[in-house]
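Participant: Just so you know, the sequences run in chain order A and B.
Just so you know, we're using my numbering here: the first sequence kicks off at 1 and counts up by one.
Just so you know, we're using my numbering here: the second sequence kicks off at 1 and counts up by one.
To be clear, the hints were calculated from the coordinates, so they are not data collected in a lab.
On a predicted model such as this, the values are computed, not experimentally measured, just so you know.
Be aware that a few hints might be false.
Pairs of lysine to aspartate or glutamate residues, derived as EDC-like cross-links and limited to a Cα-Cα distance of at most 20 Å, are as follows [what the hints assert, rightly or not]:
{"no.": "1", "chain 1": "B", "residue 1": "K193", "chain 2": "A", "residue 2": "E32"}
{"no.": "2", "chain 1": "B", "residue 1": "K195", "chain 2": "A", "residue 2": "D31"}
{"no.": "3", "chain 1": "B", "residue 1": "K219", "chain 2": "B", "residue 2": "D81"}
{"no.": "4", "chain 1": "B", "residue 1": "K32", "chain 2": "A", "residue 2": "E32"}
{"no.": "5", "chain 1": "B", "residue 1": "K195", "chain 2": "A", "residue 2": "E97"}
{"no.": "6", "chain 1": "B", "residue 1": "K193", "chain 2": "A", "residue 2": "E97"}
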Amino acid sequence: MSTYTPPLQDSTFVLDQLIGLDQLCQDLNLDEVNSDLAGVVIEEAGKLAADVLAPLNIVGDHNGPKVSDGKVLETAGFADAYQQFVENGWATLTGPEAFGGQALPNVLGTAVNEMWHSANMAFGLCPLLSQGSVEALIAHGSETLQQQYLPHLISGEWTGTMNLTEPNAGSDLAAVAAKAVRDGDHYKISGQKIFITWGDHQMASNIVHLVLARLPDAPAGVKGISLFVVPKFLLDEQGQPGDQNDVCCISLEHKLGIHGSPTCVMSFGDNGGATGYLVGEENKGLNYMFTMMNHARQSVGLQGLSISERAYQQALQYSQERFQGSNPDGSKAAIINHPDVRRMLMAMKSGNEAMRALALSAAADIDRAHHGDAESKKRVEFYTPIVKGWMTELSQELTSLNIQVHGGMGFIEETGAAQHYRDARILPIYEGTTGIQALDLIGRKTLFDKGAALTQLQTDIQATVELLNSAKNTELNALGSKLGKALSKSQAASQWLLENAASDKQLMGNVSVDNLMMMGYLTGGWLIAKSALLADQLSSEENNYGSPFLNAKVATADFFADHYLPRVGQHAETILSGLKSTFAIDIDLL
Amino acid sequence: MKILVAVKRVIDYNAKVRVKTDNTDVDLTNTKMAINPFCEIAVEEAVRLKESGTASETIAVSVGPKSCQEQIRTALALGMDRGIQIETEDSPESLSVAKLLAKVVAEEQPDLIIMGKQAIDSDNNQTGQMLAALSGIPQATFASEMKIEDGKAVVTREVDGGLQTVAIDLPAVVTTDLRLNEPRYASLPNIMKAKRKPLAVKTPDELGVEMKQHTKLLKVAPPAERQAGVMVNSIDELLEKLQSEAKVI
C-alpha cells in the first residue's frame, strides 16, 4: 500500500517565495497571518492527511458506499475520519470569522486542500462540496439563510452538495427541468438530479442541498433557473435538524474511479414536494452558480495536482524497491537507476511542481481579487480554465506514468497504482469538461477582451525571460532561452487566433483545446522557471531550504523546459494549421 | 495545580538520519525537526489533566537555540498555556539541561513535572532522574498510566518484569513511556490561538547556571550496511556459518 508524505518543503517554497505570502497577507490586512503560521498549519494538516485520511484511500476504493431504503452508508472508517477532521477545525479554515471560520487566505486553504485530495480524493470531495455551498450562501443567501446554515456548514457539522445535473441537463444547464412551486414563505421542489457527489451519507447530522430548479412561470432557458436550499432534515425551532425533508437518494452510480465517494441519484418531492428556500432572487440561479465557478473549477484543477503527486510518490517508492537488470558493477539494479524510469519520475516531479506553482498562484490571485484588486480579478478569470483544463489533462498523463513505472504490477489492482489513474479520469469531466474550459479560455477570456488579459500574461512571462537571460547562472540563461522560444511561438498562434477565430465559431471550437494546452504548458513552464530563478537567488544567501532542494528546483525547471515546453510549439503549430481537416469529411464517413 | 512539561527539539522520527562526512556528528542541515515523541506524550498528558479540570495551568519549556521555539509553539498548539525557552547552544548535555530545568522549577513551583523518558536523538534517559534529584522531589519514570489522587500521583511504571504501581507525593517528576497515551493532532483553532500565547525567553545567566560540558562527542558512524542473505543447503552448513562467520554460537 502506498503511503503519503505531504510535500511540505515545496508547498512552503511556493507559498513563501513564489507567492510572497508575507506580503500578500499584509496586502490583505491579515495582520496575524504570516509564513510561520502557514508553515505550522500545513504541517499539522499534513499529519492528519497522511496518518488518518491516506490509509482510508484504498479502503474506499475497495469498499464503496452502499444504499438501502434511501439511505447511503459511507465506507467504514470515513465517518470517524470525518469527525476528526471536523473536531480539529479543518473545515473552518477559510470561512469568515462572523460564522465561526478562521478567515485564513484562500491560497493557504488551497495548499491544505492539495493534501486532503492527495491523501484521499474521494473523501476530500465531501468538504470540498461544503465549501462550495458556503461560498454560494455567503455571496447570495439572505441573512436568515446565512444565520441558519453557515455556522453549521463552516464548522463541518453539516455538509453541502451541489444539485445541478439532470439526465438531460449536463453541460447544457438551460435544460434543467426540476420544478419549484411557491408555497407561502418557501417553495416545493420536485424532480430528479443525478451525479450528486456525497448526496447522502451518515457522517454529518444534516446535509444542505443547493438545488437548481425552475418556477412554473419562469422564462425558458438559462434565464429561468433559480437556486434553492433544500436541507435533508428540516430545521426545528431551535435551528436543529428535525423532520426528514422530501428528498432521498434512490441509487448510487457504479463508476470507473473515486469509489469511496457516493455519487447519488437524488429524488426530490416524491411525497408532494421537498421544502426549499430561495437563494437570492428568482431566475438568477445560474448567475449565482457562475460566481462560484472560479473557486470550484480551480479546486478540481488542484485535484489534478493532488492525484498526480500521490501517483508520483508511489512511483518513486516502487522504483527504489523493484530490482530488475544490473548495475555496471554486476549488482542488481533498482529500476530507478534505469534512464527511462528516471525520465518518467522527472516528468512527474516537474509536472507536479509546475502545477503547484500555478494552482497556488491562481489561488493567491483569488485572494487579491476578493480584496478588490482589478488586475488580479482579470488574471483569475484567465487562469481558471487553464488550472481546471490543463492540470486535469496533465494528471491523466502523470497518473498513467505511475502505472508505467510499475509495469505489469501497475496494471493489476493489488499495487493500488491503477486506483490513482482511475480516480483521475473524472477530473477532466466534472465541473465543466476540458472542451468547456477550452471554449471559456478562447471565447470569454481571450477573444472577448481582445486579448487584453493574455497580453498582460505574456508581458509578465517576457519579464521573467529577461531576468533569466541576464542571470549569472548559465543554466538559467539556457532556461530563459527555452522559455523565450516557447513564448514567441505561442504569441504567433495567439495573435493568429485573435485575428481569425472571433468570426469563425467552427475554427474557434476546433483549436480551442490546443489553445488551452498551449497556454497551460506555457504558464506552468513560466512559473516553474520563475521558481528556479528565485531558488538560484536564495542559494547565495542564508535560507531554510538548503542547496540540494534549491539546485533540484533549477534542474527540475530545466527538465520541464526540455520535456514539456516544446509542446507549446506543437500546439501552436496545430492551431496555425486551422485544423480544417476536422470537418473535412461527412458524418456518414466517420 | 500547575504542570511543567519539558519538550526537546529532535530530528523527526520519519526523517532519514545522515552522518556528517567527517563523522563528527549527525548532519541536521535542512532536516525536518519535530518534538521528541516521548515529550509529545508528556504534553498530551498535561493537556488532558488541564481538560479534566485537575490542572489549572500548563507550561512547556524547552532548552536550546531559538529554533526550539517551533517545538514550544507546537506544544502550545496542542493545548499548553504558555512557553519558556532557555536560550543555549545546540545539544547541551543532560546534566546542564537538568540544572536549568531545576531553576525553572524553583521559580515556577509546579506541582507536577512531566517529561519524556528519553529523547530519540541521544537516547540518554537521564534528564528526568537528574531533575528530580536536583530539585529534591520524588520521581516515577516510564509511566504507562497516571492518576492524580489526594495530592499524590499514582503512576504505573513499565519495568522489566511487568508493571509496577507507585504513589508519590507531589511535587514530583514523572517521565512518560510510549503507552501512556496517544497524542492528539493539533486543531486549527488551537494553532491560531498558539500565536497569542506568551512565550518567555531566559538565559542560563539569568537562571544562574553555568553551562559545563562533561562529555565529549568523539565520533558518529552510521550502522554497517546490511549484507545480502545467502541460501544454505543444510542445517550443518547453517550451524557452521553461525559458528565461524556470524560467531554467534
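Participant: If a hint holds in the structure, say so; if it does not, say that too.
Facilitator: Each hint, compared with the structure:
1. B/K193 x A/E32: holds, 10 Å
2. B/K195 x A/D31: Satisfied, since the Cα-Cα distance of roughly 12 Å is no more than 20 Å.
3. B/K219 x B/D81: violated, 40 Å
4. B/K32 x A/E32: Since the Cα atoms of B/K32 and A/E32 sit roughly 25 Å apart, the hinted pair is violated (cutoff 20 Å).
5. B/K195 x A/E97: holds, 17 Å
6. B/K193 x A/E97: This hinted pair holds, its Cα atoms lying about 14 Å apart.
Hints 3 and 4 from the earlier list are contradicted by this structure; the remaining hints agree with it.
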